[in-house]
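Protein sequences appear in the order of chains A and B. The first sequence begins at 1 in the numbering used here and counts up one residue at a time. The second sequence begins at 1 in the numbering used here and counts up one residue at a time.
Derived from the structure by calculation, the hints contain no laboratory data. One or more of the hints may lead you astray.
As the list claims (entries may be wrong) - Straight-line C-alpha distance at most 27 Å; calculated DSSO-like pairs for lysine-lysine: (1) Lys360(B) <-> Lys274(A); (2) Lys276(A) <-> Lys46(B); (3) Lys356(A) <-> Lys167(A).
What the hints assert, rightly or not - Footprint (simulated), chain A over chain B, 3 or more residues, beta carbon under 8 Å: (4) 114-122; (5) 425-435.
Claimed, not checked - Part of the chain A face toward chain B, derived, beta carbon under 7 Å: (6) Leu179; (7) Ser204; (8) Arg207.
Where a beta carbon is used, it is the ideal one built from N, C-alpha and C, also for glycine.
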Amino acid sequence: MLNTSSNETYEEARRQLEICNACRYCEGYCSAFPAITRLRAFADGDITQIANLCHNCRGCYYACQYTEPHEFALNLPQALAKTRTESWQAYSWPAPLGAVFQRNAAASVFITIVAVAALMLLIRALPATSGDGFYAVLSHGAMVALFAPLFLFPLICLFVGLKRYWKDVGGERITLAHLKDAVSQAATLRNLSGGHGEGCNFESQDRFSQARRHAHHAVMYGFLLCFASTSSGTLLHYGFDLPAPYGFWSLPKLLGLSGGLLMTLGCIVMLTLKAKADAALSNPETHGADQAFVGLLGFVGASGLALYGLGSTAAMPALLALHLGAVAAFFVLTPYTKMAHGFFRLAALVRDAQQKP
Amino acid sequence: MSKPGTEDHILKPDVLVIGGGNAAMTAALQAREAGKSVTVIEAAPKAYRGGNSRHTRNFRCMHNGPLGVLTGDYDPDEYFDDLLKVTKGDTDPQLAKLAIENSESAYRWMEAHGVRFQPSLSGTLSLSRTNAFFLGGGKALVNAYYARAEDAGITVLYDAHADHLEISNNQVTEVWVSTRAQELCFKPAAVVVASGGFQADTDWLARAWGPAAKNFLIRGTPYNRGVVLKDLLDQDIQSVGDPTQCHAVAIDGRAPKFDGGIVTRLDCVPFSIVVNRNAERFYDEGEDVWPKRYAIWGRLVAAQPDQVGYAIIDSKSRDLFMPSVFPPIEADTIPQLATKLGLAPDKLEHTIETFNAACKPGPFKPTELDGLSTQGLNPAKTNWARPIHEPPFYGYSLRPGVTFTYLGLKVDQTARVSGKQGPMENLWAAGEIMAGSILGQGYLAGFGMTIGTVFGQIAGREAATHA
């Protein structure tokens, strides 16, 4: 069990949730409020669940009659953001890594630089003897040997964390209906719709806007397209004996190009929105690290696009090191940074599907 | 009061709106959309803008057939009957019907101006047919109107207090306003006053109600001090409403002096016994379902010594009512609870023993009148009377929380204010400052916002026509 009984962050979230539960004006904004009003008292597991349901749309903050200077000093988006990042830290495995990367932008940047440098050294140390395209720089065997564990290990770490989360929030056996509900909520980001479909209050204060929802869609679907691109390449390689490089009108290229564009643009817009938004309505302690993570994700996309554009020039080996280094850093950092939100948010939505009447 | 300098600050909007809540912003938008220049004078700083509207949650709306979030239908006759029940006939039927009949178009107007509705909140199902809830509550409504005002080019001055309206020959000629930085003298063509009642001026409340009013809590904004209302009444503008009365409900005694809003509400009374400072009961706690009785408890508590009451329940009633903002005082025995509440332990124990002895067995039904009554007790508790004997025991202190005052300006069907020599040439009123015409006593949930919206629209339109 997450040891939070005497934790100030949880105490503050509890104080605020009790006020919210006596008011309930925000019930229609998102899934978090109905989850609040179903309860009379808030155990730590309840608070963890509500915090992970919260998408930081900020609708409740701008509608709240009890924000500062009122003596009740409600700032629910911040209280839940702090609880949320604290829960990810506590659930990260090995735990100390979460503590470092959730709060420290420099640590993520450092890992990225190290990863890129490592790739450069690797390319120099292991000259490929055969192969076309990128494989002429780093052999297919070397890539697989490197990235298979880099991909699988973070998934194992996340799985451990999610299992702990599930236990703490009292999760039950998951059915297809639960998954369907949760995935459809995530796929549409219904919780950033404001309840009325006009978007959230992330960057425009008390006005509603779709900017963050759309930017997040771009990043998320861009990322999924890139993932599909890699998967399709793997399938072609092993299933159809069709190794890279692929032409423009191939599945890996079409998926990767569109995904890379979406992800890069989405991350740029996300960073712009974050810069415009009030940092005090999220967890100010993780602001820099979150920015660094979005930056890294954008860089993965942009370096991939550069590699596509300049793949036949002399810059290719250096770009390949940059791109693969960024991807490696992204994998390593996934369980310990903002990226963890996607997994815990989905788990929270599944749990919410179980609890909804 | 001296007249502020005018040379540098002669400000001449077509329409000057005094106030910054629902009625004021409705009037301002309405006048602006009629093509007039509009300035809004809001006494509160930006963070507290919106008067009591920022604490509201719904408005009462007639409709034939489902309308938006509203279920079933609510015809004007039933609406008017509901109003008669709470006001006991103390209403101007023409103005009341005007508000009621225009409430349906008001719903659409609100929606067109950015207000969003949500189904009735959990715990308020009884209102799903009659009251449309604002998504996010009243502050979200206020935000929507201010955003519209900004887009429409309405000037809004925060921290701006209207001190005096200069009147000659039934015409407002100047409005004196002080802000933090300067004194301003406005010379508008038309003026709408929508600056609320005087409930935040506790000295005035004490003069009207008696010294006990000093112990009252004010549920809403501290900025409704009635300055404009008093200034106009001092100049013989005609008034309506009982000048001594305010609408008060019983709220948690630990609530802040001002602005505690909805969360300080306590719904435990029907399942409790309520005692005064002397640990004695004084009224039937189970007289009727809570939505029909909560409004009288403000007055009941106000009549007790030190204007304080204590609601006491035991563990079996803990989850029967909506949670409130402060946790109850808790103890394992009645004497311990009495000590924590500052009551005489032996007296409270005696009161509870007497009450328990008068309780009779029978089915307990928390959501309806169950007739589970005490026998041979004075005062009786006529429903939900179950002995208080299962620890832990819980206590809440109760104090009167003032929602609004009834004294206001007399207006006609065009929201025009009546001066000493007949209708004013260029002065209209909307919202709480004129609601006393319609709500002579009592209160009907969500009707304040209906009056504010309908008369705000009328006042804004009429002022624009004149300007």
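Okay, the hints, checked on the actual structure:
Using a Cα cut-off of 27 Å, the hinted pair Lys360(B) and Lys274(A) is violated, with the two alpha carbons roughly 63 Å apart. Only pairs whose Cα atoms come within 27 Å are accepted, and Lys276(A) paired with Lys46(B) is accepted, the gap being roughly 20 Å. Distance restraint check for Lys356(A) and Lys167(A): the Cα-Cα separation of roughly 18 Å lies within the 27 Å cut-off, and the hinted pair is therefore satisfied. Counting residues of the region 114-122 of chain B whose CB lies closer than 8 Å to any CB of chain A gives 5, which reaches the minimum of 3, so the coverage claim holds.
With a threshold of 8 Å between beta carbons, the proposed coverage of the region 425-435 of chain B by chain A is violated, since 0 of its residues qualify and at least three are required. Interface hint at Leu179(A): violated, since its Cβ lies 26 Å from the closest Cβ of chain B, which is beyond the 7 Å cut-off. Evaluation of the Ser204(A) hint against chain B yields a violated restraint, the C-beta minimum of about 9 Å exceeding 7 Å. Proximity of Arg207(A) to chain B holds as hinted, the smallest CB-CB distance being about 6 Å (cut-off 7 Å).
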